[in-house]
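The lines below spell out each chain.
Protein chains: 4
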Amino acid sequence: MDIGFIGLGNMGQGMAANLVKAGHRVTVYNRSPEKAEGLVELGATAASNVAGACTGDVVFTMLADDQAVEAVTFGEHGIVAALAPGATHVSSSTISVALSERLAAAHAEAGQRYAAAPVFGRPEAAAAAKLFVIAAGEAQVLQPLAPLFDVIGQRTFVVSEQPHTANLVKLSGNFLIASVIESVGEAVALVAKAGVDRQQYVDILTSTLFAAPVYQTYGGLIARREFEPAGFAARLGMKDVRLALAAAEQLEVPLPVASLLRDRFLTLVAAGGGHLDWSALSALTDRDAGLASDDSA
Amino acid sequence: MDIGFIGLGNMGQGMAANLVKAGHRVTVYNRSPEKAEGLVELGATAASNVAGACTGDVVFTMLADDQAVEAVTFGEHGIVAALAPGATHVSSSTISVALSERLAAAHAEAGQRYAAAPVFGRPEAAAAAKLFVIAAGEAQVLQPLAPLFDVIGQRTFVVSEQPHTANLVKLSGNFLIASVIESVGEAVALVAKAGVDRQQYVDILTSTLFAAPVYQTYGGLIARREFEPAGFAARLGMKDVRLALAAAEQLEVPLPVASLLRDRFLTLVAAGGGHLDWSALSALTDRDAGLASDDSA
Amino acid sequence: MDIGFIGLGNMGQGMAANLVKAGHRVTVYNRSPEKAEGLVELGATAASNVAGACTGDVVFTMLADDQAVEAVTFGEHGIVAALAPGATHVSSSTISVALSERLAAAHAEAGQRYAAAPVFGRPEAAAAAKLFVIAAGEAQVLQPLAPLFDVIGQRTFVVSEQPHTANLVKLSGNFLIASVIESVGEAVALVAKAGVDRQQYVDILTSTLFAAPVYQTYGGLIARREFEPAGFAARLGMKDVRLALAAAEQLEVPLPVASLLRDRFLTLVAAGGGHLDWSALSALTDRDAGLASDDSA
Amino acid sequence: MDIGFIGLGNMGQGMAANLVKAGHRVTVYNRSPEKAEGLVELGATAASNVAGACTGDVVFTMLADDQAVEAVTFGEHGIVAALAPGATHVSSSTISVALSERLAAAHAEAGQRYAAAPVFGRPEAAAAAKLFVIAAGEAQVLQPLAPLFDVIGQRTFVVSEQPHTANLVKLSGNFLIASVIESVGEAVALVAKAGVDRQQYVDILTSTLFAAPVYQTYGGLIARREFEPAGFAARLGMKDVRLALAAAEQLEVPLPVASLLRDRFLTLVAAGGGHLDWSALSALTDRDAGLASDDSA
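Protein chains in written order, with full-length UniProt numbering: chain D, 1 to 297; chain Y, 1 to 297; chain B, 1 to 297; chain L, 1 to 297.
Here are some, though not all, of the chain B residues that point toward chain Y, as calculated from beta-carbon distances under 8 Å: (1) THR267; (2) ALA270; (3) ASP288; (4) GLY290.
Now the in silico label distances, taken between C-beta atoms and shown as ranges: (5) Y:GLU138 <-> D:GLY231: 37 to 45 Å; (6) Y:SER48 <-> L:SER32: 50 to 58 Å; (7) B:GLU161 <-> L:SER32: 54 to 62 Å; (8) Y:GLU109 <-> L:GLY23: 49 to 57 Å; (9) B:PRO213 <-> L:SER32: 42 to 50 Å; (10) D:GLY231 <-> Y:GLN154: 27 to 35 Å; (11) Y:LEU42 <-> D:GLU124: 49 to 57 Å; (12) Y:GLY195 <-> D:ARG155: 14 to 22 Å; (13) B:ALA81 <-> D:GLY38: 52 to 60 Å.
Below, in silico cross-link-like pairs of lysine-lysine (DSSO-like), each with a Cα-Cα straight-line distance of 27 Å or less: (14) D:LYS35 <-> D:LYS130; (15) Y:LYS239 <-> L:LYS239; (16) D:LYS239 <-> D:LYS35; (17) B:LYS239 <-> D:LYS239; (18) Y:LYS35 <-> Y:LYS21; (19) Y:LYS130 <-> Y:LYS35.
The set of hints was computed from the structure by calculation and includes no laboratory data.
Where a beta carbon is used, it is the ideal one built from N, C-alpha and C, also for glycine.
With the hints as extra help, turn the sequences into a complete structure.
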C-alpha cells in the first residue's frame, strides 16, 4: 500500500520502520528532516512537506499534541487540502476528543476518510511492533487498515465506530497510569516514614498483587526518586489528565481522582517541575509528609 | 514445633492445615468449634478455649478485626495470661497499627515474644501455601519463625524490627487495591458513557499496562457490576482505609487518595451497601455519571 | 454622556435605568426588544441593533455568558466594527478571563478602549444602585467611567490595570459562594442526621460567626431544600467554577476546593439538576449521607 | 446558686467572672492555681482540687480537649466521684461526641445530671458575656441552667435532648470556619498571582457578600500572612476537624470538604506548622501556587 507517515519522534520512527519492513511504500515527513534519514536507508521516501506525504491511500500522523496535529492537518498546505478523496487519515497521536471530532468532520466534508488509532506502549514497543492499537472508525474505513495495524502492533482493539472514542480510551489509560503514580507515591511515603525501605516496599507490591509493568516502572522511579530524564514529562501528563477531564465534562462524568491529579500536576508545574518525569508527583507527597529528599530509608 | 492456631476462617483454615501437613503439632481453636473438624481429621488437636491453644512455643492469631484480636488476647483467659514466658504470639490478622503496638507492649511486659506477620493473598492462596508473608519483629524473634512462614507462604518479606510496621504495610496494600477499584471505576464510567463496552475496556487494560491480578479481578467485577457475594465486603474495605488513615495521621502523612476513598466508602455504606463487595464503589461512580444500572454497553 | 447599553436582563434593566435617571442619554439594545419598553418610558432610546447602541462615548454590555458577549462584539455588525475610535466598551458580564483578554486585544487593534467592570449584587441591588463594581483597565480609561460606576453601584473597587483581572475577581467570588454552599450543605447534613433541626442550625450559624448575606440566603435554601425556581442555576454555577479553574490553570494555581465543586456540579448536572438553584449541591450531600428528602428534622 | 468552675483559661476566666458578678457563689479550680487569683479578688472561692469545686448544684468544665476533661472527670478524685446525686455537670469544652456520650453515661450511672453547653465566641466575647451557648440535654436538666447561660452569653440555642449533639454542632462550626480559611486562601492565592492586592481583595469580599466576622478575621490574617501568635493553633484546628470526621463516620455522613481540610492540616503539621494559627493553611496554598512569601502584591 502507498502510505504516508507524518511525525518521526520516538514512537513514529518505530511505527514507520515496521511499515517499511512489511513491504509498503512509505513516504515519511518530519519537521526536522534529519529524523527521516534512518528510514530512507530502510527504503522509505522522504517528503519535503506535509502534502508530499499525502499522495497515497493512507497517511498516519503521530505527533506530540493537538497543536502539532492541527498544524499539519488544516490550512492551505495541510492534510485535508492534500489528501485525495477516499484516502484515509489515521491519527495515532494522543489528542483531545474535541480535536478528533473536528478532524472527523473536516475529512468527511472533504470526501476523505478518517480513523483514530492511538497506541499503548513505549518507544521500545513501537520499534518491536509490540504496540497495542486502540482503533475506532467506521467498519469500512477500518477494514483495509487492519493489516497495517497488525504490522505496527501485537493486537488491535476496535472500540467504536466513532473515531474520537479511541482517543478517549487512550486518555483514560494515561489517567489510570497517573492514578497509579499518585497512589503508589502516597503508599511509599506512608511506609517510608515508618522506616520501611522504599525499594523493598515496591518489590513487595510488584511481587504480589501489583505485578504489572506500570507498577514496576513507576514504583521503581518513585522508590529511587529518579525523575530525570523524563520518560514522560509531568507537563504532558497534566495535559492528558486535563484532556480526560474535558472529555468527561462533555459527557457529564465526574472523575474525582482525575481532579485530584490535576491539582497535583499543577502544584508540580507551579514549583518548576513540569519538565520532570510525571512520577515526580510522588516528590510532592514526600514533601507534604515532611520527608526530606534524603530521608529514604 | 508445638504451635497454637486461633482463628479458623477462610484464611486460617488453609494456613493451619499447611502447618499440620508440614509435621508440626498444631492445636487449633475457633469460637465456632465446627470449623476445627477438618483440621482434626488432618491431625490437629482441637482446644476448647483460647488458653488451650497457648501451651506451645508459638501461637498464631488470624482473626477478622481489632475487636476479635483484643477479645482473645487480653483478659483473664486470654493469650497474654496463658502463654509461657519466652513463647511467641504471631499476629497475622489485618489489624490497626495501634493495636499491634499494644500487643507488643503487653507481651513484652509478660516476658513473651511478639511478631506481626500479616499476609497478602486470598483463601485459595492460603490453602495452596502461596501467601506472601509480611513479617516484622526483632531478629531473634523472627529467626525461629522463618520455617513456619515458609510453610504457609511462597515468600517472606521482613520489613522492620518493629512489629506494627508489618501491619502498616498490609494496610497500605489494601489502600492501594481500593485506589485501583476507584480509578478503574472512574475510567470505566467515562468510556462506557461514550459507548465503549465495559468488559472490552477492562480486557484492553489487562492486556496492556495493567496486566496484574488486581486489575483482572476487580476490573472484571466492575465491568460486570457483580458485587454479590462479596469477596471482601465494603465495610471491611472502609475499615482498612480508615486504619491506614489513622496510622498516617500518627505519622503525619497526608494521603489525599485515601481520604477520597474513605468518603466513597462512607457514601456506599450510608446507602446500605456495606455488605457488597468493595468493588461496588464503582456503582457510585456510575450513578454519579448518570449511568443507570442497565446502561452497560 | 452618550451611553449605549446592551443586555437588558434582570441585572441590565436596573443598571440602565439608573444611568437614565442620572441624566445620561442612554441608547439600549436587547435581542428581545420588549425588554427595552420600560426603559424607553424612563427616557432611554431603543436601538434596533447592536450598532445602533454603539454611537456614543461608552457602551456597556451585561450579558449571560461568553457566547452572548462574543455574538454582540465580533463580526460585521458587532461592537468592534461599530464603535468609534477612542470610545469605550465596558464589559460588566461574568465572562472568562480568556475572552476578556480577547476583547481587550480586539478593541486595542481597532483604536478603541476597553474596561472590565463586573459587579457583585443581585437584581434588587442593581435596581437600587447598590451594586459593587469591580473595575479594571488603564487609569485613563477608567477615570471618565468613575461617575457612571457611582451611578450604578454603591462602591467601586479598581483592582488592576489589566481588564481581565476584574473578571478573575468576579469568578473567584462565585467560587467562594459555591464553596459556602458545599460546606454548609455538608454541615447541615451532619447535624440533621443527628436530629438537629435544619433551620435552627442555619439560624445559629447566621446569628454567630456567619452573619453574612451569603449564609443567610443559601443557608435558608439548603435548610428548606428549596431549589426551584433557581436564583442562579447550577449549570451557571458550574460554568463559573470551570472558568475560575481555567484561569487558575493558566496562572498555575491549584484550587482543590474548586476541583471538588466542579465534580459536585457535574454530578448534579448528570442527574438532571442543571436547572436547579446551585444550592441544590446540598441535595447531593443529603443523598450521600443517606438522608431521604423527608428526613428533615 | 452554688457553682463550681473548672478550667480557667482565656475562655473560662471570663465565663466564671460573669457568674461571680451575677451574684452566684462560685468555687473555681485550675491546675495552675495562679489563674484563680483574679477571680478570688472578684469574690470567687479557690478550691485546691477538683473535688473541692464539686460541692454545689452545678459544676462547669471549660478545658482544652478530651484528655483534660477525662482527667478531671474520671478516677478516684474526679467529678463523677465527687459530685452529689442530682447535681449537674455542664461541659462547655469543645470535646468529641464520643467523650460527651461517655460523660452522659457515667453521670447517669452515678445518679447525677449532665448537659453539654459548648459556646461560640472568642475570649473577648466570653469576658463581655456575649457568647452564644449551644445547649443540649434533657429539658429538666436544662431548665435550671437557663439563667446561668443568660449570664455568660447573649443567646442560648437548645439543639437536642441528647447532650452530645451540642458538641457535634460546635465541631461543625469549627469545620465551617476551617473551610472558610481554605476557600479564602485559595481565592487569595488565585487573584494575588494575577497581581491583585491581597488586602484589597479581602476588603472587597468583606464589603460585599462576605460581610461576616469570620471573613474579616481570617481574611485579614490570610492577606497579611500573619500566623503568629496563633489565635487558634493549627494543631487544635486539625483536632476539631478530625473529631467532626469521627462523628460523621459514626453517623455515616461523608464530608468531602472536611476530608480535604484534614489533609491540609496534616501537611501543615508535618511541615512543623502545628503551632501557627490555623489560617496558616493559606500558606500551603500560596506555596502550591508558587507564590513566595514576599510575592504579596
